[in-house]
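Protein chains: 2
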Amino acid sequence: MSKRNLTLLTDLYELTMMQGYYEKGQNEKVIFDVFFRQNPCNNGYSVCAGLDQVIDYIKNLHFTYEDVDYLRGLGIFKEDFLHYLSGFHFSGDIYAIPEGTVVFPKEPLLKVIAPIMEAQLVETAILNIINHQSLIATKTSRIVFAANGDGIMEFGLRRAQGPDAGLYGARAAMIGGCVGTSNVLAGQMFDVPVMGTHAHSWIMSFPDEYTAFRTYAEMYPDNCTLLVDTYDTLKSGVPNAIRVFREFKDSGKPLNKYGIRLDSGDLAYLSKEARKMLDDAGFPEATICASNDLDEFLLHDLKMQGAAIDSWGVGTNLITSKDCPSFGGVYKLAAIQNEEGEFVPKIKISENTEKITNPGNKTIYRIYEKKSGKIKADLICFSDEVIDIEQDLLLFDPIETWKKTKLSGGTYTVREILVPVFKNGECIYKSPTLKEIASYCCSEKDTLWDETKRLFYPHRVYVDLSKKLYDVKKSLLDQMNMTD
Amino acid sequence: MSKRNLTLLTDLYELTMMQGYYEKGQNEKVIFDVFFRQNPCNNGYSVCAGLDQVIDYIKNLHFTYEDVDYLRGLGIFKEDFLHYLSGFHFSGDIYAIPEGTVVFPKEPLLKVIAPIMEAQLVETAILNIINHQSLIATKTSRIVFAANGDGIMEFGLRRAQGPDAGLYGARAAMIGGCVGTSNVLAGQMFDVPVMGTHAHSWIMSFPDEYTAFRTYAEMYPDNCTLLVDTYDTLKSGVPNAIRVFREFKDSGKPLNKYGIRLDSGDLAYLSKEARKMLDDAGFPEATICASNDLDEFLLHDLKMQGAAIDSWGVGTNLITSKDCPSFGGVYKLAAIQNEEGEFVPKIKISENTEKITNPGNKTIYRIYEKKSGKIKADLICFSDEVIDIEQDLLLFDPIETWKKTKLSGGTYTVREILVPVFKNGECIYKSPTLKEIASYCCSEKDTLWDETKRLFYPHRVYVDLSKKLYDVKKSLLDQMNMTD
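Those sequence lines, one after another, are chains A and B. 1 is the number of the first residue of the first sequence in the working numbering; add one for each residue after it. 1001 is the number of the first residue of the second sequence in the working numbering; add one for each residue after it.
Simulated from the structure, these hints should not be mistaken for laboratory data. Don't take every hint at face value.
[Said to hold, decoys possible] Calculated lysine-lysine pairs in the PhoX-like style (CA-CA distance at most 20 Å, straight line):
id, chain 1, residue 1, chain 2, residue 2
1, A, Lys322, A, Lys374
2, B, Lys1322, B, Lys1370
3, A, Lys322, B, Lys1235
4, B, Lys1235, B, Lys1348
5, A, Lys235, B, Lys1370
6, A, Lys348, B, Lys1322
7, B, Lys1430, B, Lys1059
8, B, Lys1106, B, Lys1355
9, A, Lys24, A, Lys59
[Unchecked claim] Heads up, incomplete: computed chain B residues facing chain A, CB under 8 Å, no partners named:
id, residue
10, Leu1008
11, Leu1015
12, Gly1020
13, Asn1027
14, Lys1029
15, Thr1124
16, Tyr1168
17, Val1184
18, His1198
19, Ala1199
20, Pro1207
21, Tyr1210
22, Thr1211
23, Val1344
24, Lys1348
[Stated by the list, open to error] Computed spacing ranges between beta-carbons, pair by pair:
id, chain 1, residue 1, chain 2, residue 2, range
25, B, Gly1252, A, Asp471, 47 to 57 Å
26, B, Glu1342, A, Cys442, 51 to 61 Å
27, A, Asp266, B, Thr1433, 43 to 53 Å
28, B, Asp1222, A, Asn27, 43 to 53 Å
29, A, Ser439, B, Thr1433, 25 to 35 Å
30, B, Gly1075, A, Lys374, 50 to 60 Å
31, B, Cys1427, A, Thr64, 44 to 54 Å
32, A, Glu436, B, Glu1342, 54 to 64 Å
All of these numbers come straight from a predicted model, not from anything done at the bench. Ideal Cβ positions, reconstructed from N, Cα and C, are used throughout, including at glycine.
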């Protein structure tokens, strides 16, 4: 993606609004927040991802001659504005929560502070990138959780929603905890393990299944997984695989890593039967890999039923997040700088209390219980607020304000999770490698209580507002004649 | 996409199988079919799309020095095979059903005839592209059908699964019947109308809603749609919009095209109230556009309830095909050429009759009722079969073979829908423009009976096998000791 010019990957209204601001000479600094209102798939948390691609996008923002020419042809933009666009670059600040961090509804994942014309332009692409990768990283986390330590391989490229969905979906899947992907281009671009064996067509292109297996084993003695369901799993596939494993063992050149893959039928029954056959034949170290329309629910049930499966290839349901294929990240105006240089908080009201935005220039403190290292709550504050961890900290629910928790000084720690990424248009953030992000994400999940990680009806993590932010929000609402 | 090298956008197993064939000197010509087993969203038909991107992909297939170097680094490929890859190009034939055609389960949308190493490599990317665009074109067709003549605008970029899903999703949405897209890059790349107005942030960046509306109208008097739900739709938004419309009318410079957009609340109630207010104020020609989590079901219900909405912006549910986010296209081996140059039919069996493939080198005749021009059935035949439309034609269900229909000679017409696209690696197909494809797709839907187009429990279109194909399939199954 870094070589592609995505500057026009935006909604037309961003450009018509930009021209509106341009014509009015209205280009004050503003703050926009990216946040979401609900975890996908009823999960207890989300995993944010996509920042590295946002950074590439912002760095590469520029209107080429062809872009300006195309816009001119639309007949709605004036020459002075088109001239401005031809010299456009991003000059603002961006703060973001690092990729792989566990995040919760309503907190800003990313904050843009920039002249309104610039801040408006970047809305659509930022949302597109963050929404997609955070969705897949979160869905993958659920599947990895259900696998309870077994490896999950990402096999979804053929069913992904276009090339990027396969490519950046694989990236997000690695962040969410996959051990590898079948996608070779993702392997090349992101330096992650690529995996795979053979297809039914391999078997069908040989005179018989045994010959196909034998040939494959000769080619790949170090990593030989045989697909056993082309004809009949238990009557033909597994016996032929065992015959090949035995021939290599008897020849004195045993296969190094080997096993079978099941891709149809009832995976609980077939895997248990296959396990018995492999064990009885003297191949207890042969692994059993399964694929075929898996998701976290089926995986959870198969494990409950004692399926003898060591690793899982997950495709369609992971790469599209089938039961919830969108992450509802939005981009909302939070403040406008006045002539004195102060940011005046702005609020978007709604009849639905849940949809009212949080005003002002904000940051987020993550509060951990000191003794366990687990997350107690996230506290959204104004960016100039500080927390003295030696003092008691009173948290309260921003809707049902009588629900309060007091944390005693010394029993908790805090971490500011929004970090600077761009300053005056310059990237000041060093992106970790994908492996580092994946490892960080794994440690992030250790900061969640088990109750938050379960697949069904997880315990909600509290995201509270500081007293100061709550008061400003309430007074803005009161001014609008509404109550929160 | 045409400038990107997608050669490594493939599953690792395609490459490990290729090396297997290479090492065995096994590179006979084979035939693979792309087909699907079920229409998405329980629709009565699908719309195929993506061929133009498949053509780009095939034309650009080549392993760069970096690609080969990356593969070498994986430690599983030998130098002679890597050398072969560095000179790789596609030399085969491809047949496909043109984009925008209505298609049905089990028929080949695309047929690859090529040496097995080449045919295997291209599986994943072809499926990725065809599955994605056919999905979105089909979903869009449902939404367009529910709108019953109102314009549908594609507004989904921010929720699409990555940049390509937004870009090629917009392309597919135009094929499926959208009147335009908000996606500027899609507009530029595919020469389609781009549309949009302004966001809530526009309103919020002005001291008040009236000033924001007035400013927008001054900027865009030729196409001025005002978003009326930032504060209170009926108490503030619509009255302010009317005030602006009236001021322009009174000034003697009335707005050209103008109206309002609703983006929250109950769209049936609000649109009817807004319509009354606009009419009473003397603006019956003001249009009402609606958005906010629309899909074909909500749209259908809103129209049933008399919502006074003229055009619809549809985002998330269209661009992700939310209730069914994958199109299950598969790529299956159908035949292998023997030493005499004949294609020997191959079949993939399954305990599930529905999943058994159709063997051989096939084509598809679409059979129309002569007097209505509507589709009677599709007939899958061997590619050398011809139909004499002066003769009677007996169709029978390939599963329940006692279900028969006889078409009398002279009462039907036929059209072969698979057309040649590549011949010996050369593209011999001239792609229509996107506008031409969209217009063709619209006429294609006219060949469907109303019963097939409805949203709920549509009538299934018959896809039958020729007697000759049925007999070959049955004998292959019998050889495998199974009955069809």
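Here is what the structure says about each hint:
1. A:Lys322 to A:Lys374: violated, 30 Å
2. B:Lys1322 to B:Lys1370: violated, 38 Å
3. A:Lys322 to B:Lys1235: violated, 40 Å
4. B:Lys1235 to B:Lys1348: Roughly 65 Å separates the two Cα atoms, so the pair is violated.
5. A:Lys235 to B:Lys1370: violated, 51 Å
6. A:Lys348 to B:Lys1322: The given pair, whose Cα atoms are some 27 Å apart, is violated under the 20 Å limit.
7. B:Lys1430 to B:Lys1059: Holds, because 13 Å separates the two Cα atoms, which is no more than 20 Å.
8. B:Lys1106 to B:Lys1355: Satisfied, since the Cα-Cα distance of roughly 9 Å is no more than 20 Å.
9. A:Lys24 to A:Lys59: Violated: lysine 24 (chain A) and lysine 59 (chain A) sit about 27 Å apart, past 20 Å.
10. Leu1008: Where the cut-off is 8 Å and the nearest Cβ of chain A is about 4 Å from leucine 1008 (chain B), the hint holds.
11. Leu1015: Result: holds, 7 Å to nearest chain A Cβ.
12. Gly1020: holds, 5 Å
13. Asn1027: violated, 10 Å
14. Lys1029: With Cβ-Cβ at 11 Å, over 8 Å, it is violated.
15. Thr1124: holds, 5 Å
16. Tyr1168: Interface hint status for tyrosine 1168 (chain B): holds (5 Å vs cutoff 8 Å).
17. Val1184: Given a least distance of 4 Å, the restraint on valine 1184 (chain B) holds.
18. His1198: The hint holds - histidine 1198 (chain B) has a Cβ within 8 Å of chain A, the shortest such distance being about 5 Å.
19. Ala1199: holds, 6 Å
20. Pro1207: Given a least distance of 11 Å, the restraint on proline 1207 (chain B) is violated.
21. Tyr1210: Violated, because the Cβ-Cβ distance from tyrosine 1210 (chain B) to chain A comes to roughly 15 Å (cut-off 8 Å).
22. Thr1211: Result: violated, 10 Å to nearest chain A Cβ.
23. Val1344: With a minimum Cβ separation of about 11 Å from chain A (threshold 8 Å), the hint on valine 1344 (chain B) is violated.
24. Lys1348: Holds, because the Cβ-Cβ distance from lysine 1348 (chain B) to chain A comes to roughly 6 Å (cut-off 8 Å).
25. B:Gly1252 to A:Asp471: 47 to 57 Å: At roughly 50 Å between Cβ atoms, aspartate 471 (chain A) and glycine 1252 (chain B) fall inside 47 to 57 Å, so the hint holds.
26. B:Glu1342 to A:Cys442: 51 to 61 Å: holds, 55 Å
27. A:Asp266 to B:Thr1433: 43 to 53 Å: Hint holds: Cβ distance 49 Å, inside 43 to 53 Å.
28. B:Asp1222 to A:Asn27: 43 to 53 Å: Violated, at about 25 Å.
29. A:Ser439 to B:Thr1433: 25 to 35 Å: violated, 48 Å
30. B:Gly1075 to A:Lys374: 50 to 60 Å: violated, 41 Å
31. B:Cys1427 to A:Thr64: 44 to 54 Å: Since cysteine 1427 (chain B) and threonine 64 (chain A) have Cβ atoms about 28 Å apart, the given range 44 to 54 Å is violated.
32. A:Glu436 to B:Glu1342: 54 to 64 Å: Distance hint for glutamate 436 (chain A), glutamate 1342 (chain B) holds at roughly 56 Å.
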